[in-house]
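**Q** Build out the structure end to end from the sequences listed, making use of the hints.
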Amino acid sequence: MVDQDLVGQDLADVDALENDQPLLAATSLSKSFGRIAACREVSFALYPGEVLAIVGESGSGKSTLLQLLSGQLAASGGHVSYRMRDGVARDLATLGEAERRFLFRTDWGFVHQDPAQGLRMAVSAGANVGERLMAVGWNHYGRIRNAASDWLTRVEIDVARIDDAPRTYSGGMRQRLQIARNLVTEPRLVFMDEPTGGLDVSVQARLLDLLRSLVAELHLAVIIVTHDLAVARLLSHRVMVMKGGSVIETGLTDQVLDDPREPYTQLLVSSILPP
Amino acid sequence: MTAMIDIADARKTFTMHLQGGIQLPVVSGVTFQVNPGECVVLSGPSGAGKSSILKMIFGNYRCDSGRIGIHHRGALIDLAAAEPRQVLNVRRSTIGYVSQFLRAVPRVATVDVVAEPLVAAGMARADAKARAGELLHRLNIPERLWQLPPATFSGGEQQRVNIARGFISDLPILLLDEPTASLDAANRTVVVELVAEKKRQGVAMVAIVHEDEIRHLIADRIVDVTSFAAA
Numbered sequence: 001m002v003d004q005d006l007v008g009q010d011l012a013d014v015d016a017l018e019n020d021q022p023l024l025a026a027t028s029l030s031k032s033f034g035r036i037a038a039c040r041e042v043s044f045a046l047y048p049g050e051v052l053a054i055v056g057e058s059g060s061g062k063s064t065l066l067q068l069l070s071g072q073l074a075a076s077g078g079h080v081s082y083r084m085r086d087g088v089a090r091d092l093a094t095l096g097e098a099e100r101r102f103l104f105r106t107d108w109g110f111v112h113q114d115p116a117q118g119l120r121m122a123v124s125a126g127a128n129v130g131e132r133l134m135a136v137g138w139n140h141y142g143r144i145r146n147a148a149s150d151w152l153t154r155v156e157i158d159v160a161r162i163d164d165a166p167r168t169y170s171g172g173m174r175q176r177l178q179i180a181r182n183l184v185t186e187p188r189l190v191f192m193d194e195p196t197g198g199l200d201v202s203v204q205a206r207l208l209d210l211l212r213s214l215v216a217e218l219h220l221a222v223i224i225v226t227h228d229l230a231v232a233r234l235l236s237h238r239v240m241v242m243k244g245g246s247v248i249e250t251g252l253t254d255q256v257l258d259d260p261r262e263p264y265t266q267l268l269v270s271s272i273l274p275p
Numbered sequence: 001m002t003a004m005i006d007i008a009d010a011r012k013t014f015t016m017h018l019q020g021g022i023q024l025p026v027v028s029g030v031t032f033q034v035n036p037g038e039c040v041v042l043s044g045p046s047g048a049g050k051s052s053i054l055k056m057i058f059g060n061y062r063c064d065s066g067r068i069g070i071h072h073r074g075a076l077i078d079l080a081a082a083e084p085r086q087v088l089n090v091r092r093s094t095i096g097y098v099s100q101f102l103r104a105v106p107r108v109a110t111v112d113v114v115a116e117p118l119v120a121a122g123m124a125r126a127d128a129k130a131r132a133g134e135l136l137h138r139l140n141i142p143e144r145l146w147q148l149p150p151a152t153f154s155g156g157e158q159q160r161v162n163i164a165r166g167f168i169s170d171l172p173i174l175l176l177d178e179p180t181a182s183l184d185a186a187n188r189t190v191v192v193e194l195v196a197e198k199k200r201q202g203v204a205m206v207a208i209v210h211e212d213e214i215r216h217l218i219a220d221r222i223v224d225v226t227s228f229a230a231a
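Those protein sequence lines, which keep their order, are chains A and B.
Position one of the first sequence corresponds to residue 1 (this note's numbering), numbered consecutively onward.
Position one of the second sequence corresponds to residue 1 (this note's numbering), numbered consecutively onward.
Be aware that one or more of the hints could be misleading.
Unchecked claim - Partial chain B-side listing against chain A, Cβ under 7 Å, derived:
no. : residue
1   : L18
2   : Q19
3   : N60
4   : Y61
5   : P84
6   : V87
7   : L88
8   : P106
9   : R107
10  : R215
What the hints assert, rightly or not - Covered stretches of chain A, as calculated for chain B (at least 3 residues, CB under 8 Å):
no. : stretch
11  : 254-260
12  : 263-272
Bear in mind the hints are in silico, worked out from the structure with no lab data behind them.
Here a beta-carbon is modelled for each residue, glycine too, at the ideal position from N, C-alpha and C.
**A** This is the structure in structure tokens:
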């Protein structure tokens, strides 16, 4: 993917980027379910504005890793530190429940494969987006509604549908609404679990294109789990390939996909059907 | 003069694990330099490793050993040993690459595909689009096509969009992988002119070109890749 450099910064920004601190760092992260090791000794650092794809087959441990990284699952070993908005890196395990919930409502987003998991299906689209704003203290109805319509437009949903509940939406619209709901609080880090998973190919392309431009525009850091290497190629700067709970290969996305080293990565890359 | 590209003893082998682990040596002992304002053309038959060398210089292929020295923002860095983040920074501000085929995102208009590297470098979208328009004009892409995604264009049109995108930035290093392969004579001439302009601006270039005529027109020096044949 040599001709698709996704992220836009001016040169001064690049300098700042070279010197700054990781946003999130995982150290020897492990998780066992009984005798089964779902995640073994995973370590990496993620920097602001960086998009990291975690690829591998079902059962490779990638979704478990995402849950560990987002503090939804307690690790059996190792830890995750996150640099809060005040610049202080905190160990996720030491955060209180209220602090973690606050992180999830403000500085983090989580885009689920099934939008029904990330949306409230029975309330209006506007309320789905506005709810996150209210959670961070917005209380002016007109401003919340304006912000919600603004975001619906950004994710290409007709504002005339603002009062409809997402259960009346198509799959692609629901997924775009979930993205709007997540991004409205301007998070710095978004976790995505197979965000294009259940969608038709044509709907997928549109969503990927939308995600790609939003990520660059908002300078988001993203950790995206996908089994689809085309998604990884289009969206990510770096990839980690997982197999049997371990990271077996990691590097620049185009490097790993065009010049895979490990037998399993070569198998994954060679299994892609030509379009 | 300080070389922009300084490659020393670089080596590349593919190990094909799915084919019983056979080793496919590509190149070894790759050593050459490229100065500012100079266009070095890699020559050799198909399969000699020309494209692989270009990809190694871009950090797209990894090296087994050796050094890919790149003059980046005032310092020489070894791309073969650089962190992914560094490689991305080098691509953003130092090395441009015109690949053989355009790989564009569905839905993005041609003019935006071409303008993107400038927008990414911080230029206002309107200015970037104006420059993209100038280049598309020079490369004879009619204005009525600019708002369309290039996916439906002919091979030659896509290649010209690709060239416009590659030449639009003011990066000090440019890698060209058969930039004239599917072009007619008029458009080849435009590419030759674009290369000459880049030379005057002091850009260091490495190119692969098959047509002898074009090679004579753009090459300041020819590096024979067969001398790097892997043992």
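**Q** Quick one, is the V87 (chain B) hint okay against chain A at 7 Å, beta carbons?
**A** Holds. Min distance 6 Å.
**Q** Was the hint right that P84 (chain B) lines chain A, CB cutoff 7 Å?
**A** For P84 (chain B), the interface hint holds, since the closest Cβ of chain A sits about 4 Å away, which is under 7 Å.
**Q** R107 (chain B) was flagged as interface toward chain A. Is the shortest Cβ-Cβ separation under 7 Å?
**A** This hint holds: R107 (chain B) lies near chain A, its Cβ roughly 5 Å from the closest one there, short of 7 Å.
**Q** Can the hint on N60 (chain B) be confirmed by a CB-to-CB distance to chain A that is less than 7 Å?
**A** 5 Å, holds
**Q** Report holds or violated for the interface hint on L88 (chain B), using the least CB-CB distance to chain A and a cut-off of 7 Å.
**A** 6 Å, holds
**Q** With chain A as the partner, please determine if P106 (chain B) meets the hint condition of a C-beta pair closer than 7 Å.
**A** 5 Å, holds
**Q** Was the hint right that L18 (chain B) lines chain A, CB cutoff 7 Å?
**A** 6 Å, holds
**Q** Holds or violated: is there a CB of chain A closer than 7 Å to the CB of Y61 (chain B)?
**A** Holds, about 5 Å.
**Q** Identify whether the interface hint at Q19 (chain B) stands, where standing means a beta carbon of chain A within less than 7 Å of its own.
**A** Given a least distance of 9 Å, the restraint on Q19 (chain B) is violated.
**Q** Taking the least C-beta to C-beta distance, is R215 (chain B) closer than 7 Å to chain A?
**A** R215 (chain B) check fails; min Cβ-Cβ to chain A is 23 Å, beyond 7 Å.
**Q** Mind checking, does the stretch 254-260 of chain A have 3 or more residues with a CB under 8 Å from chain B?
**A** This one holds; 4 residues, not fewer than the three required, reach chain B with a Cβ under 8 Å.
**Q** Taking 8 Å as the C-beta cutoff, is the stated coverage of the stretch 263-272 of chain A by chain B satisfied by three or more residues?
**A** holds (count 4)
Hint violations for this structure: numbers 2, 10, all remaining hints satisfied.
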